[in-house]
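Asker: Sequence:
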Amino acid sequence: MFIQLLLQSFYKIVCNKWNTGNIFDSRSLDPLVIRREILSTRLYIVLIISLIILTTYTSLSNRIENKTVISPSQSIYENLQQKYANSLQCSCTKISIPYGSFVKIVPLFHQVCSSDFISQQWINSIFQTNSTFIWPIDVRTSLSAMWQLIRTFCQSSINITTDAMNQFDNSLLINTMLLTEELLEAKVQAALYLLRQTASSTLIQPMTIAHKVTQANQLVTGLLTNYVAVTDNFGLAQHIPTYDIGYMNVSLYAGTFGNK
Numbered sequence: 049m050f051i052q053l054l055l056q057s058f059y060k061i062v063c064n065k066w067n068t069g070n071i072f073d074s075r076s077l078d079p080l081v082i083r084r085e086i087l088s089t090r091l092y093i094v095l096i097i098s099l100i101i102l103t104t105y106t107s108l109s110n111r112i113e114n115k116t117v118i119s120p121s122q123s124i125y126e127n128l129q130q131k132y133a134n135s136l137q138c139s140c141t142k143i144s145i146p147y148g149s150f151v152k153i154v155p156l157f158h159q160v161c162s163s164d165f166i167s168q169q170w171i172n173s174i175f176q177t178n179s180t181f182i183w184p185i186d187v188r189t190s191l192s193a194m195w196q197l198i199r200t201f202c203q204s205s206i207n208i209t210t211d212a213m214n215q216f217d218n219s220l221l222i223n224t225m226l227l228t229e230e231l232l233e234a235k236v237q238a239a240l241y242l243l244r245q246t247a248s249s250t251l252i253q254p255m256t257i258a259h260k261v262t263q264a265n266q267l268v269t270g271l272l273t274n275y276v277a278v279t280d281n282f283g284l285a286q287h288i289p290t291y292d293i294g295y296m297n298v299s300l301y302a303g304t305f306g307n308k
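Each residue of the sequence shown is one higher than the one before, counting from 49 in our numbering.
Read the hints as simulated data drawn from the structure, not as lab findings.
There may be inaccurate statements among the hints.
[What the hints assert, rightly or not] Derived DEER-like restraints, expressed as beta-carbon distance ranges:
#1 A258 / E233: 32 to 42 Å
#2 Y241 / S162: 35 to 45 Å
#3 I118 / I257: 54 to 64 Å
#4 S173 / S249: 29 to 39 Å
#5 K131 / L99: 27 to 37 Å
#6 A258 / I222: 34 to 44 Å
Virtual Cβ for every residue (Gly too), placed ideally from N, Cα, C.
Using the sequences and the hints given, assemble the complete structure.
Answerer: Encoded structure:
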């Protein structure tokens, strides 16, 4: 009750001062002059209050200030990135740069590609000069040819990988603004994934074509590794039946790229 009476009393005082207040009193007895002075006082008070409100709002609100740092060091950029991650912009002096200038690829091939098993000396030593009396599916009839094929695969994979790496090193990363470390790593990983897919496709495509053509046309290899002819004891049958040994699906393993 006391607070209500106090507020009512304060309201009456404010209304009275608003109606009769005159800080520009000229001691004139003219009602028109007095009226103009009271109106001027009201306008002055309104302007003062508006100025106080505007000043307070300006001092409390966040101000946006643009600053330019010429050629900042990496430590300065990382510090600014932590403080102003959402608003920091850093233009590049060069909008394109080869991947090979900052990415190094070290390919790792299967150990067999650097072993003695694909050497010509080993291939010659396991070659069977007379395989007439050996069962066609015996590994001795085709072991030498298999190692020659593996050597060809190794040479092809090395050549294809080398060409793909050279193409990757010469390809350009194009961007007008400086990338964050996370975004740069994502772009590099995407480029490396495309490199792996392209190299794998280039390597496996000829093998897949040869495999499908041989299987579709039922071509018999010279070493009889896909079909076996079965004759009777005397070899007098007019029709010699053959049995399909079967094909295995051609697959290729490609390692993943990772940072160490």
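Asker: Does each hint hold? Answer for all of them.
Answerer: Okay, the hints, checked on the actual structure:
Between A258 and E233 the beta carbon distance is about 39 Å. The supplied range of 32 to 42 Å therefore holds. The supplied range of 35 to 45 Å is broken by Y241 and S162, whose beta-carbon atoms lie about 26 Å from each other. Hint check: I118 to I257, Cβ distance near 58 Å, so the stated range 54 to 64 Å holds. The given range of 29 to 39 Å is respected by S173 and S249, whose C-beta atoms sit roughly 36 Å from each other.
Checked against the given bound of 27 to 37 Å, the beta carbons of K131 and L99, roughly 34 Å apart, stay inside it. Between A258 and I222 the Cβ separation comes to about 39 Å, which falls inside the hinted range of 34 to 44 Å.
Of the numbered hints stated above, the single one contradicted by the structure is hint 2.
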